[in-house]
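Quick note, the sequences are listed as chains A and B, same order. Note that our numbering numbers the first sequence so that position 150 is 150, with each residue one more than the last. Note that our numbering numbers the second sequence so that position 312 is 312, with each residue one more than the last.
Hint data in this document are derived by calculation from the structure and do not stem from the laboratory. Computed from a prediction, not measured in an experiment: that's the story for all the values here. Every residue gets a Cβ at the ideal spot worked out from N, C-alpha and C, and that includes glycine. Please note that the accuracy of each hint is not assured.
[Claimed, not checked] Derived contacts from chain A toward chain B, CB cut-off under 8 Å, selection only: (1) Leu-39; (2) Leu-112; (3) Phe-113; (4) Ala-118; (5) Phe-122; (6) Phe-126; (7) Ile-129; (8) Ala-130; (9) Ala-142; (10) Ala-169; (11) Leu-182; (12) Asn-183; (13) Gly-228; (14) Val-234; (15) Thr-271; (16) Leu-275.
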Amino acid sequence: MTAIQTSPTQPKLESMERRRRINLIVQYILMVLLAAFFLFPLVFMFVAAFKQDASVLSDSDSIKAFIPDADSFVGLENIRSASSRASVWRVFLNSTIISGFIVGLGLIVNSLFGYALARLRFRGRFALIATIVALIIIPFEALAVPLLFITAELGWLDTYHVQILPFIANPLFIYLFYTFFLNVPVSLEEAARVDGAGPVRTFVSVVAPLAKPAYATMAILGFLFSWGQYLWPVMVTRGVNVRPLPVGIGVFKTTPPVQWGDIMAFAALMTLPLLIIFLIFQRYFIQGIASSGVKG
Amino acid sequence: MTTATEEGRRNSRRGKRQESTTAKAESKVAWAFSSPALILLLAFTVAPFLLAFILSFTNQRLISPLPTRFVGLDNYIDTLSSANFWKGFFNNVWFVAVVVPVQTAFALWLAILVNRKIPGRVFFRTVFFLPVVTVMAAAAVIWSLLFNANGLINAIMETVTFGNFTVDWLNSTTWALPAMMLVGIWQGVGFQMVILLAALQDVPEVLYEAASIDGASRWQQFRNVTLPGIRNGLIFVVTVTMILAFRLFDQVYIMPRVPGGPLDSTRTMMLDLVETGFGAQAIGRGASIAIVFFVIVLSLTLVQRRFIREEGEVT
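Full structure from sequences and hints, please.
This is the structure:
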């Protein structure tokens, strides 16, 4: 309504524009500071991983902690030393095997169950859905002691499978697949069935390919959870043979002589796979976590 | 068997008899699909859960020649009268009291920052989220060096406070737990941010437009549009953070010289659980701690569901 009065609005617009620019600059400064807060421990770790042990400590109280320098650069010496003292590669392999089986078998088992609950009519289905929802709230820690008792009685301590079997079937992931399959249009499956495909073939060739986002979400969350597991392996592993990375680094940190360069190289090595996978599949990480939140 | 299914399906209108064979075949397939997960869940979730209740009323030990005996409520009485349990419980509560409000507010602030449509927001969102994909055990190790008496945190504190405040964080009974709170927030806030970001993006843009036409200030918009709009997301974040705080274990086991140290100042319920059930091999007593822990988590979840349902009824 005041559009005709050009002369007084012009400077007002300009000042608004200026305020917006200042706001924006302030926001960027804030975000850069915040980014520094989230990044500095990681940068510190990666820099220290390639530094002489003595320099890691002596540099750790100044900006030098974040700057690689030629004099104290030792290349891969730290990781070599850590691997000879703490069998880092063996422990890395253990974690890979354990997470690999948990995620790989979990994808099959949880998606099949989720599909059956969403699509197939059978007696007890609704009771099962309610049970799965109820099971989601049981935290693993509440099961750890009785599970320790069971697995010790079975003679399973210090094995891979004691670290794998309890985590394959996961109520949260079953529920994730269940809700996903509920929203997939039925017509495609019906078409496949009319063409004479049995339920197994329908699932493998029609349903599963459609569910790629759900599989990606479960794979990523499953890997994130299993790679970081700490409490359970502390209770069921003793030697280095089946020990996973988090326990490995916990033990290594307290094994004298404490050499921080080696410890940081170990930490960097166990962090790297998740960081790389995250940077490649970022979208799925964010979506997966956001969707787990919406469902509550 | 499978051909019968298809046949039945295709001609499902033909008659009741065929329909019932179809149903039977479908139910067979359903059980075949369900049973692997079902068996695993029964063996590794349902059975241990029921067993936790049973064991908590016995004197069961991990390896013991003595026969298992029913001891009534003895384990619960022992647990609830043990100094270690309450030390752990109150440390958890202290952790919740600080971390839940701070982390939730911080996460909301981060979510609002990266929700503005400005160049580079995806980059910042990624950076804020990076600690979430850092394994807690590794983060705990990095931060123990940062919190060293001569470490980086103290160097920063010295500069900021002009040398008035430095402390040997992890060897101080006062400051060890706050140090771990900071690690928890650093590692977990990105997770909360993502959930709140999704909630923010679900608030209809129209509401903001209407509010600004009505002349609402930025604060009023936040107070009357944003907060009610993301209510469920906030409730979820608060509950999850509380539950995670009661599960606190990795930091307190790795960061101090002795797990839960110094002088038990970072002891938590989960540390008590591990030390009792695994360390002291007192399975029965450990199970009673597990049940108490479960009751806490269950109550938090029920309160959360209640709040979220009320919201549903209002709208």
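Right, here's what the structure says about each hint:
1. Given hint, Leu-39 of chain A at the interface with chain B, holds; its Cβ is 6 Å from that chain's nearest Cβ, closer than 8 Å.
2. Using the Cβ-Cβ criterion of 8 Å, the hint placing Leu-112 of chain A at the interface with chain B is satisfied: the shortest such distance is roughly 4 Å.
3. Here the hint on Phe-113 of chain A is kept, as its CB sits about 4 Å from the closest CB of chain B, short of 8 Å.
4. The closest approach between the C-beta of Ala-118 of chain A and any C-beta of chain B is roughly 11 Å, which is over the 8 Å cut-off, so the hint fails.
5. Interface hint at Phe-122 of chain A: satisfied, since its Cβ lies 4 Å from the closest Cβ of chain B, which is below the 8 Å cut-off.
6. With a least beta-carbon distance of about 13 Å to chain B, the hint placing Phe-126 of chain A at the interface is violated under the 8 Å criterion.
7. The beta carbon of Ile-129 of chain A is not positioned within 8 Å of any beta carbon in chain B (closest approach about 11 Å), and the interface hint is therefore violated.
8. Of the supplied interface hints, the one on Ala-130 of chain A is violated, with its beta-carbon coming no nearer than about 13 Å to a beta-carbon of chain B, more than 8 Å.
9. About 4 Å separates the beta-carbon of Ala-142 of chain A from the nearest beta-carbon of chain B, less than 8 Å, and the hint is met.
10. About 4 Å separates the beta-carbon of Ala-169 of chain A from the nearest beta-carbon of chain B, less than 8 Å, and the hint is met.
11. The criterion of a C-beta within 8 Å of any C-beta in chain B is not met by Leu-182 of chain A, whose closest approach is roughly 15 Å, and the hint is violated.
12. The closest approach between the C-beta of Asn-183 of chain A and any C-beta of chain B is roughly 17 Å, which is over the 8 Å cut-off, so the hint fails.
13. Below 8 Å, beta-carbon pairs count as interface contacts, and Gly-228 of chain A has one with chain B at about 4 Å; its hint therefore holds.
14. Residue-level restraint check for Val-234 of chain A holds (minimum Cβ-Cβ distance to chain B is 7 Å; threshold 8 Å).
15. For Thr-271 of chain A, the suggested interface contact is upheld, since its CB lies about 5 Å from the closest CB of chain B, less than 8 Å.
16. A least Cβ separation of about 6 Å between Leu-275 of chain A and chain B falls short of the 8 Å threshold, and the interface hint therefore holds.
The structure fails hints 4, 6, 7, 8, 11, 12 (numbered hints given earlier, in ascending order).
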